[in-house]
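Engineer: Required output: the full structure, derived from the provided sequences and hints.
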Amino acid sequence: MKNPKIIVIGNGMVGYKFCEKIKSKSPASHLIVFGEEPRRAYDRVHLSEYFNGKTAEDLSLSTENWYQENNIELFLNTRVTKIDRFDKTVSASNGLDYPYDILVFATGSGAFVPSIPGIEKEGVFVYRTLEDLDLIRDYAKTANTAAVIGGGLLGLEAAKALIDLGIKETSIVEFAPRLMPRQIDAAGSEMLKSKLGELRLKIHLNKNTTSIDGAEHITGLTFSDNTSIQIDMLVISAGIKPKDELAKACGIDIGARGGIIVDKNMQTNDPSIFAIGECALYEGMIYGLIAPGYEMAEVLASNLLDGKKAFTGFDMSTKLKLIGIDVASFGDNFITEPDCRTITFENKHKGIYKRINISNDGQYLLGGILIGDATAYNLLLQTSNNKMILSENPEDLILGNRDGNEGSSGAAITNLPDTALICSCEGVTKGDICSVVADGSCENIDDLKTCTKAGTGCGGCLPMVKDLMNDTLKSQGKYIRNVICEHFNYSRQELFDLIHIHELKSYDAVLDTLGKNDGCEVCKPLVSSLLASLWNEMILKKGNDVAQDSNDRFLANIQKGGSYSVVPRIPGGEITPEKLIVIGEVGKKYNLYTKITGGQRIDLFGAHLNDLPFIWEELIAAGFESGHAYGKGLRTVKSCVGSTWCRFGLHDSVSFAIRIEERYRGIRAPHKFKSAVSGCIRECAEAQSKDFGIIATEKGWNLYVCGNGGSKPQHAILLATDLDSDTCIKYIDRFLMFYIRTADPLTRTATWLNKMEGGIDYLRNVVVNDSLAMGVIWEQEMEKLISSYQCEWKEAVENPSIRRRFSHFVNAPEEKDPTIEFVEMRGQKRTTEWK
Amino acid sequence: MTESPNDWLAACRIEDAVENGGVCVKNGEDQIALFYFTRRNEWFATQNECPHRKQMALSRGMLGSLTDEPKIACPFHKKTFSLRTGECLNGDECAIKTYPVKVENGTVYIGTKANF
Ligand code: SRM
Ligand SMILES: Cc1cc2nc3c(=O)[nH]c(=O)nc-3n(C[C@H](O)[C@H](O)[C@H](O)COP(=O)(O)OP(=O)(O)OC[C@H]3O[C@@H](n4cnc5c(N)ncnc54)[C@H](O)[C@@H]3O)c2cc1C
Ligand code: SF4
Ligand code: FES
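Protein chains in written order, with my numbering: chain A, 1 to 835; chain B, 1001 to 1116.
No lab work stands behind these hints: they were computed from the structure. There could be a bad hint or two in this list.
Straight-line distance between alpha carbons at most 20 Å, and here's what the computed PhoX-like set of lysine-lysine pairs gives [unchecked claim]:
1. A:LYS589 <-> A:LYS816
2. A:LYS712 <-> A:LYS672
3. B:LYS1026 <-> B:LYS1102
4. B:LYS1054 <-> A:LYS816
5. A:LYS560 <-> B:LYS1054
6. A:LYS560 <-> B:LYS1078
7. A:LYS21 <-> A:LYS449
8. A:LYS579 <-> A:LYS794
9. B:LYS1026 <-> A:LYS816
Listed next, the stretches of chain A that the computed footprint assigns to chain B, with coverage defined by at least 3 CB atoms under 8 Å from CB atoms of chain B [stated by the list, open to error]:
10. 539 to 548
11. 798 to 809
Now the in silico label distances, taken between C-beta atoms and shown as ranges [unchecked claim]:
12. B:GLY1106 <-> A:GLU57: 45 to 51 Å
13. A:ASN591 <-> B:GLU1069: 38 to 44 Å
14. B:GLU1069 <-> A:LYS755: 31 to 37 Å
Every residue, glycine too, gets a C-beta built ideally from N, C-alpha and C.
Structural biologist: Structural data, given as structure tokens:
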């Protein structure tokens, strides 16, 4: 048939995708679309983001004029009410009939609503369309407690949405003995349950709801075990029900439990009628996920246009996008011994559970479950889908690599075949991605998204797409450049070298020589930090003050409300009683809140901008200097008391900590860095959590590097053992200069090492064996930085042109900001909350 | 910038302003941020309060441009605002007020009736 009239019933995700595919293959095709919802097709997968500020338009899958531009007749707010298969027409709710040659059902599904007595009460909702969400949002304003019936993928998402809407107490009611019964096992469910508890979600398992209580509106639920809970609103998420009534009424074959029966070409028992998406039943299965729906759209579109594609089932692997908790399952997740070998890993403390199922011969990964940490999901999914041969130690797949070397588990992306499906939503393979990168058409992730559509569906594959892109670029010998912003077409490292070569000393000079336009809040602090790392000049001179982040510009951290904190350096944490008294007196005089910090020193909070120079003047007079708590540079070198007092101490850790802190104070780096020295392996100074940490041994010092506390803690790794003090310092000099020269902006040493090819072995080779022959140069550069150190605050207080910037009003320099307010707490002051 | 009737506040001398940066000007109970964008040879004035968390902070922010649009980034969470229109360039916050500026005989004046 030449250019048949195609009618699509349903303008949901899959219906839309079908139109897009047809039109891209054959722009002249004749398409009519009916959608009963009032809006153009939108991204249902990310529906919950509607509660986090996305608008209906943001979620829309197409631009407003897309249908018109592509010559598609779109009827919104219009239901198809009847089909006449004999005349080949459909009747729509607008009262008109339309003839078709090909009819496509893309009617999706609705929420399955069990027939519980009381289900009609006010305050009971389903979670499927934007209109549902509007209703929920309005009702939630008056509700304090809520429940979700259904502890599956969607139920959990709905529960999270209720929390985000401000409901104080939300429960999940699940009929089965565990959560997400289709995806995870009992052990995984336990772990998930305790994690959800932390989100203030109450979980009720094994509960069969027998009635929804209340007069007009819901007040509670009663269960078959005669227990009950009180709630103000309820969301039903007990599964989906394919929309097949229309098909059924015109005599199309329907499955016993619903769904329009289709074959591998998506054809129903009527050769002119097809079904795709969540309304279609293929081999007894409804696929309630978007990727198989898109695949069905692709199969049908290419078959109608003489292609030959077949739908052969689809992998039901999923990753839950509940913010904060990773949950994923892939492949054959429930297969058990003796049909396979199962390896599990559990860390109750961190809330991590992982399970992988391996073929009995140990060769293949069959499937698995990940809770709490699903970073390996994409790679595991690929390993299983592509039947990649596993290494001898398949447990490395979930335990990560314990000896610090990469790639021994056989699960690296480089090993994937070109046919590996990377983006299952859009059907993009590894080959597709690598080839457009290799032929130069795409060099960044945005280009890749536009050109291959990879990552534009659920977005779950993006990390892997990025890795593939970088890998391909690298294998071509292309240097991967992270350019800074629209004003500088260079990476941090390139800029570092260029500023060095051109001997540029001010932000303006750098912008004039190497950049364009006016700069911005991204490149200004970055360039300032490079200038500081290179020349170690007073950071507020040469007009560089305005190119500093606010904290650097005013040499103090800005606090909620607009006041500042004052942190004098207390090397090694050692301080005399006299100095303690000075801090106390300054605190009293300027009405400051005082606190011992986590870094063994004292922070004074709540200073007015105008008072900062006066406060520092007094501190400096008493022998204090800036603690650089505001800058990206050395923070503290903590120490334990060591051999001078401690009965276990091997060496004098305090003296060494002070020597190190005074050596590196004031040096600027890509991020802040911290250190500590412990007098013995009991490690009271926590040196192994620092960017570089030192522990005394019988014979000298052990040096550890690249540790980190913070949001992603990581232990430092042993770099060298039994060093004498001078060698230890020499290694630290080299280590720091290497870091300062090569790390990306705002990258701590731990992250820098994680990204370093060759890892700790490479780093050790560079620092200890001097494999780059840079050792002497770096030591000299470090010596230069150290000899040009001066206390920034001393300079700021003594230099009138800098000092006068520390006032709030230019036209009333004596007056402090009157809007800063404090309240009293435990005998000191604190800031007021955000307004 | 119009010279229509406005109440001109003598804010400061040119040399008191910060090159490529901002100062805060007291206007009765009000606070106005005054920016001397030397690189572009332009003056701008906006409300000092950042609408994001209501912090009196924009004068301590960082100047910059987005393609050709001059902007100011708040020091607290780096929301950025157009200095020409006051519009928030990260989309989510409400716009800030802007004021006309003129310089006469080395004195910088701010028209205290805001442009909207
Ligand atoms: C004051 C203090 C908390 C306290 O009362 O104890 C503190 C306060 C702040 N920390 Fe911290 N951190 C303090 C010890 C720590 C520690 C513990 C330590 O150093 O032993 C850590 C974890 C260890 C680590 O860094 O590896 C720590 C990890 C962070 C992080 C996360 C860093 C990371 O790489 O993940 C940030 C965020 C950042 O720097 O980007 C941060 C950022 C901040 C900032 C600067 C946030 C800000 O921009 O306003 C806070 C400034 C307060 C102020 O105005 O002075 N703070 N912070 C501690 C000051 C120590 C000092 O004497 O200088
Ligand atoms: C909250 C939520 C989260 C989800 N998260 C994920 C996820 O993380 N990953 C994932 O893979 N999937 C997820 N899904 C599932 C995914 O959204 C669906 O698989 C997908 O939307 C199915 O597309 P469809 O076009 O088949 O159905 P739908 O998108 O439901 O579209 C069908 C359309 O047809 C219309 N229609 C029905 N009958 C008629 C008629 N007679 N006349 C006119 N129009 C009609 C309907 O109103 C509807 O607009 C989620 C779903 C929800 C609700
Ligand atoms: S842990 Fe967070 S809240 Fe506490 S001081 Fe550090 S940055 Fe501030
Ligand atoms: S207060 Fe200005 S960005 Fe948050």
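Engineer: Flag every earlier hint the structure violates by its number, smallest first.
Structural biologist: Violated hints: none at all, because every hint is consistent with the structure.
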